[in-house]
Amino acid sequence: MEIVKGKEATILFDGKKCIHSRNCVLSRPDVFVPNVEGEWIYPDKASVEEIKSLALNCPSGAIRFESNDPSFKETAPPVNVLRVRENGPLAIHADIELEGVEKQYRLTLCRCGASTHKPFCDATHVSIGFTATGEPSVQESQPLPVRNGILNIDPTKNGPLKVSGNLEICSGTGKVTNRITESYLCRCGGSSNKPYCDGTHRKIKFKSE
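According to this note's numbering, the sequence shown is numbered sequentially starting from 1405.
Hint data in this document are derived by calculation from the structure and do not stem from the laboratory.
Just so it is clear, the structure is predicted and the values come from calculations on it, not from any experiment.
Do not take every clue at face value.
The calculated lysine-lysine pairs, modelled on DSS-like cross-linking and capped at a C-alpha distance of 30 Å, are [unchecked claim]: (1) Lys1609 x Lys1420; (2) Lys1579 x Lys1507; (3) Lys1456 x Lys1579; (4) Lys1449 x Lys1579; (5) Lys1522 x Lys1561; (6) Lys1507 x Lys1566; (7) Lys1598 x Lys1611; (8) Lys1456 x Lys1561; (9) Lys1566 x Lys1607.
Produce the complete structure using the sequences and hints provided.
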């Protein structure tokens, strides 16, 4: 964890969670300076409002922030959302509970089966050439009476991600494809019904550890 303190805000960067979406270096290359050796994060180049926006735009939660002003503390979103990234991970923005992990609101979870940091994505999907649509078929579903709340994520041993709680599953382009309160999501990379599990993990003898 890199912790860089500024006058008004502190930026925390966890390289193990980074999926190289590059939102940070493309949006504010003065705050997150790309391709340099040594120091590369400069929180004083931006306002607290701008740093908050940069952090919230990081899908993996690799970038977080702390401020002297408690009103800028990150909070749970009004709608729990899972975004299926094209040829990449499952990006979740919710009030997440995952055993062994401190409180998180943003995570990207591996769905190629090859991450060395399971259940989190570590961008291995790029090096192995993983392909999977970010536009899953739309399933008939009714609007949820409550759209937020605790989202429990349970990475089952050698199996899928069990997700319990209010959740809207969206395509990479933002279209709602399903609304669920419980589901099993593929993380072995082999399901023919991605992002959902179809039992392929047993056939291919997927190992989660």
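Evaluation of the provided hints:
{"no.": "1", "hint": "Lys1609 x Lys1420", "result": "26 Å, holds"}
{"no.": "2", "hint": "Lys1579 x Lys1507", "result": "27 Å, holds"}
{"no.": "3", "hint": "Lys1456 x Lys1579", "result": "25 Å, holds"}
{"no.": "4", "hint": "Lys1449 x Lys1579", "result": "35 Å, violated"}
{"no.": "5", "hint": "Lys1522 x Lys1561", "result": "11 Å, holds"}
{"no.": "6", "hint": "Lys1507 x Lys1566", "result": "18 Å, holds"}
{"no.": "7", "hint": "Lys1598 x Lys1611", "result": "18 Å, holds"}
{"no.": "8", "hint": "Lys1456 x Lys1561", "result": "35 Å, violated"}
{"no.": "9", "hint": "Lys1566 x Lys1607", "result": "19 Å, holds"}
Figure legend: structure checked against the earlier numbered hints; hints not met, in rising order: 4, 8.
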